[in-house]
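Generate coordinates for the entire structure from the input sequences, incorporating the hints supplied.
Spelled out, the chains give:
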Amino acid sequence: MENIPNPNVRMWQGNVACAEGAIAAGCRFFAGYPITPSSEIAEVLALRFPVIGGNFIQMEDEIAAMGAIIGGSLGGAKTMTATSGPGFSLKQENIGFAVMAEVPCVIVNVQRGGPSTGLPTHAAQSDVMQARWGTHGDHPIIVLCPSSVRETYDLTIRAFNLAEKYRMPVILLSDEIIGHLTEKIEIPEPSTIEIIDRKKPTDTPENYLPYKMDDSDIPAMANFGEGYRYHVTGLAHDETGFPTNDPKKIRAQMLRLNRKIQRFRNDIVEVETFNTDDMDVLVISFGSTARSAKRAVINAREKGVKAGLLRLKTIWPFPDKEIEALYKPVRKIVVAEMNLGQIAHEVEWATRREKPVVRVNKIDGEPITPNEIFEAIIS
Amino acid sequence: MDYLYYLRKEKMPHIWCDGCGHGIILKSILRVIDKLGWEKDDIAMVSGIGCSSRTPGYVDFNTLHTTHGRAIAFATGLKIVKPNLHVIVVSGDGDATAIGGNHFIHAARRNIDLTVIIYNNYIYGMTGGQASPTTPIGKKASTAPYGNPDAPFDISRLAQAAGAAYVARSTVYHVGKTDRYIEQAFLKKGFSVVEVMTPCPTSYGRRNKEGNGVEMMMFQKKNSVGVERAQKMSEEELQGKIITGVFVDKEQNNYLQRYDEVIDKAKQINQ
Ligand SMILES: Cc1ncc(C[n+]2csc(CCOP(=O)(O)OP(=O)(O)O)c2C)c(N)n1
Ligand code: SF4
Chain A
1 MENIPNPNVR MWQGNVACAE GAIAAGCRFF AGYPITPSSE IAEVLALRFP
51 VIGGNFIQME DEIAAMGAII GGSLGGAKTM TATSGPGFSL KQENIGFAVM
101 AEVPCVIVNV QRGGPSTGLP THAAQSDVMQ ARWGTHGDHP IIVLCPSSVR
151 ETYDLTIRAF NLAEKYRMPV ILLSDEIIGH LTEKIEIPEP STIEIIDRKK
201 PTDTPENYLP YKMDDSDIPA MANFGEGYRY HVTGLAHDET GFPTNDPKKI
251 RAQMLRLNRK IQRFRNDIVE VETFNTDDMD VLVISFGSTA RSAKRAVINA
301 REKGVKAGLL RLKTIWPFPD KEIEALYKPV RKIVVAEMNL GQIAHEVEWA
351 TRREKPVVRV NKIDGEPITP NEIFEAIIS
Chain B
1 MDYLYYLRKE KMPHIWCDGC GHGIILKSIL RVIDKLGWEK DDIAMVSGIG
51 CSSRTPGYVD FNTLHTTHGR AIAFATGLKI VKPNLHVIVV SGDGDATAIG
101 GNHFIHAARR NIDLTVIIYN NYIYGMTGGQ ASPTTPIGKK ASTAPYGNPD
151 APFDISRLAQ AAGAAYVARS TVYHVGKTDR YIEQAFLKKG FSVVEVMTPC
201 PTSYGRRNKE GNGVEMMMFQ KKNSVGVERA QKMSEEELQG KIITGVFVDK
251 EQNNYLQRYD EVIDKAKQIN Q
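Going down the list, the protein sequences come from chains A and B. When you line the first sequence up against my numbering, it's residues 1 to 379, in that order. When you line the second sequence up against my numbering, it's residues 1 to 271, in that order.
Simulated from the structure, these hints should not be mistaken for lab results. The model shown is predicted, which means the values in this text are computed figures rather than measured ones. Where hints are given, some of them may not hold.
[Unchecked claim] Pairs of lysine to aspartate or glutamate, EDC-like flavour, derived with a Cα cap of 20 Å: (1) B/K11 / B/D41; (2) B/K265 / A/E43; (3) B/K11 / A/D238; (4) A/K355 / A/E375; (5) A/K294 / A/D278; (6) B/K241 / B/E228; (7) A/K165 / A/D197; (8) A/K249 / A/D238; (9) A/K212 / B/E10; (10) B/K189 / B/D42; (11) A/K249 / B/E10; (12) B/K267 / A/E43; (13) A/K200 / A/E239; (14) A/K248 / A/D138; (15) B/K27 / B/D179; (16) A/K200 / B/D42; (17) B/K40 / A/E206; (18) B/K9 / A/E239; (19) A/K303 / A/D280; (20) B/K11 / A/E206; (21) A/K165 / A/E194; (22) B/K9 / B/D34; (23) A/K165 / A/D214; (24) A/K249 / A/E239; (25) B/K241 / B/E210; (26) B/K9 / A/D238; (27) B/K11 / A/E239; (28) A/K184 / A/E40; (29) B/K11 / A/D246; (30) B/K9 / A/E206; (31) A/K200 / B/D41; (32) A/K303 / A/D277; (33) B/K40 / A/E226.
Next up, the structure:
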């Protein structure tokens, strides 16, 4: 047999896979501000974009970067920024703007230890709640967590697709381990990748309502400068996009804003199960920690303990239904995460505290080992 | 000319107080757009938060009312993605030089092709008259009840030092000049700044006993000094004066032109 090298095999770091996934998804504008452990994403795009018709800009800070990608998205581009803890904090106000004005964009947070400057070069998963509630006000958000280099590629593409489909910012919540992990992967043929673009208006400019209330709950979005002159604001607004103080109109828009995620949560939420059919112990994890969790489940099975793993690929909206479908027969639940229990808390809610929830947590920059999770399973 | 053609009539009345100068600046902007014959579809107006930043809501362009201080950042992204749009930023002194000061100086350094029109009324109008980075020392503000201890920015000099390609200052009293400067700024292919001094009788004039809008404009008339004449005057003579005129008007490659060079280089290397 001839030895033909597979043209789709890559030796990539997670952050490179993220940048390449963005390109595959059609992202052509990136604005960022350097911060460890995310900078490789910016560096790859600075190198690649000029050659493929994209634009890269290094802004003066993360606030500016977030503003720039919203402006770019209103111009019609698929846009992204990437950062880590301190920078993620700075982006929050403008993330809220993107939610309120319904502007699709992707924000990558390669998590490091916090609070504050914390542990720049070490992993954490402690921005789970900030990703959910970092910006003020009641708002929906979508957050995806990759556990491998290949999945970073796939979920980056998915982040763009969901952003475009639901007209909102989507957060890819990676972590230092996945961001800096190098793996040999095979990327899909470009022609097999599903790409979703935002819904364009079919109405004439005179009849266009940028925040139209219709059955879809997702209004069509016109690009700036293409004949649809409309107003975009972070103020509460009505269907026309102009500010309003009318409680009825505000309520209708705010409910739609939140409903678009509740209604389509089954399309958004993705989990992966491993050995869950006959399990006694349910292990729940996500991101890099899920790799240790999987090994722990395998080791427990070898020792005769029927453990199973639920790996969360989407963490917001929270996969409560998926947990509900699994937890009834188990004896206990183990939640492993590099924080002090941000997901465990949600698991307790989703399971109404009917089962003991054992927390395996670490906040010192060290990864959680398979053995630490194994101990929690068999104890 | 027909101002109404450019206005969103159904959004009237506007929120600005009697005697506020903001509307005078808006008229200057519209006159210049009309003179240049720009199409409404080809114009984007971007603002932050403040009384001045409410301007985009009233004009029939592609309009974007962003977060406080961040208009230039949003406008930068929009301009890069849609380089053929005329992107105009309108901003208050607080919006542009307090919370947005970093974006302002960096946009000037970058020489991104935007025009920023700053409505400088020495005060935070929208939030009730707190001190701004342009409130003069000793003047009263709701957060400076005994007089402001902070020294003010000279916005035009700041823009100049940061590298803007065009910088000019006028007042709402001097509409002819304001129109001329805005026109020059719009035509500049780089970062251009027009600072227009405008009265806020409600939140600044009243507290500092400077009278109503008309009286505050008469003050502008009496106390404005052209930049050439100002060069011959001493620091003391310039106390309390408003220096108007064109401070910078230079040709230099803007950000997008320089990025085009990056594209050429990248393509050569990656051939
Ligand atoms: C992050 C943030 N901080 C504070 C405010 C409150 N705020 C709204 S407008 C404004 C000042 C506006 O002053 P200026 O930019 O000078 O414009 P003017 O109203 O005088 O035209 C402030 C502080 C805000 N909206 N957002
Ligand atoms: S408060 Fe001042 S700046 Fe605001 S509209 Fe009134 S006069 Fe104008």
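Q: Mind checking the alpha carbons of B/K11 and A/D246 for me, to see if they're no more than 20 Å apart?
A: 15 Å, holds
Q.
Just to be careful, I want the Cα atoms of A/K165 and A/D214 compared with a cutoff of 20 Å; is the pair within it?
A. With a Cα-Cα distance of about 15 Å, the restraint between A/K165 and A/D214 holds, given a limit of 20 Å.
Q: Verify the proposed pairing of A/K294 with A/D278, using a straight-line Cα cut of 20 Å.
A: Holds: A/K294 and A/D278 sit about 16 Å apart, inside 20 Å.
(Q) For a C-alpha distance cap of 20 Å, please report whether A/K212 and B/E10 respect it. (A) 19 Å, holds
Q | Given pair status - B/D41, B/K11, alpha carbons within 20 Å | A | Holds, because 19 Å separates the two Cα atoms, which is no more than 20 Å.
**Q.** Pairwise hint evaluation, A/E206 against B/K11, where the allowed Cα distance is 20 Å at most
**A.** Given pair B/K11, A/E206 holds - Cα atoms ~16 Å apart, limit 20 Å.
(Q) For a C-alpha distance cap of 20 Å, please report whether B/K189 and B/D42 respect it. (A) Answer holds: B/K189 to B/D42 is near 16 Å, not above 20 Å.
Q) Can the restraint linking B/K11 and A/E239 be considered satisfied, given a maximum Cα separation of 20 Å? A) Judged against 20 Å, a Cα distance of about 15 Å means the pair holds.
Q. Hey, B/K40 versus A/E226, does the alpha-carbon distance stay inside 20 Å?
A. Within the cut-off at roughly 11 Å; holds.
Q: Mind checking the alpha carbons of A/K303 and A/D277 for me, to see if they're no more than 20 Å apart?
A: Given that 20 Å is the threshold and the Cα spacing comes to 18 Å, the pair holds.
Q. Given the proposed pairing of A/K184 with A/E40, does the C-alpha separation stay at or below 20 Å?
A. Holds, because 18 Å separates the two Cα atoms, which is no more than 20 Å.
Q.
Does A/E375 sit within 20 Å of A/K355, going by the straight-line distance between their CA atoms?
A. Holds, at roughly 18 Å.
In terms of the numbered hints stated before, the structure departs from none.
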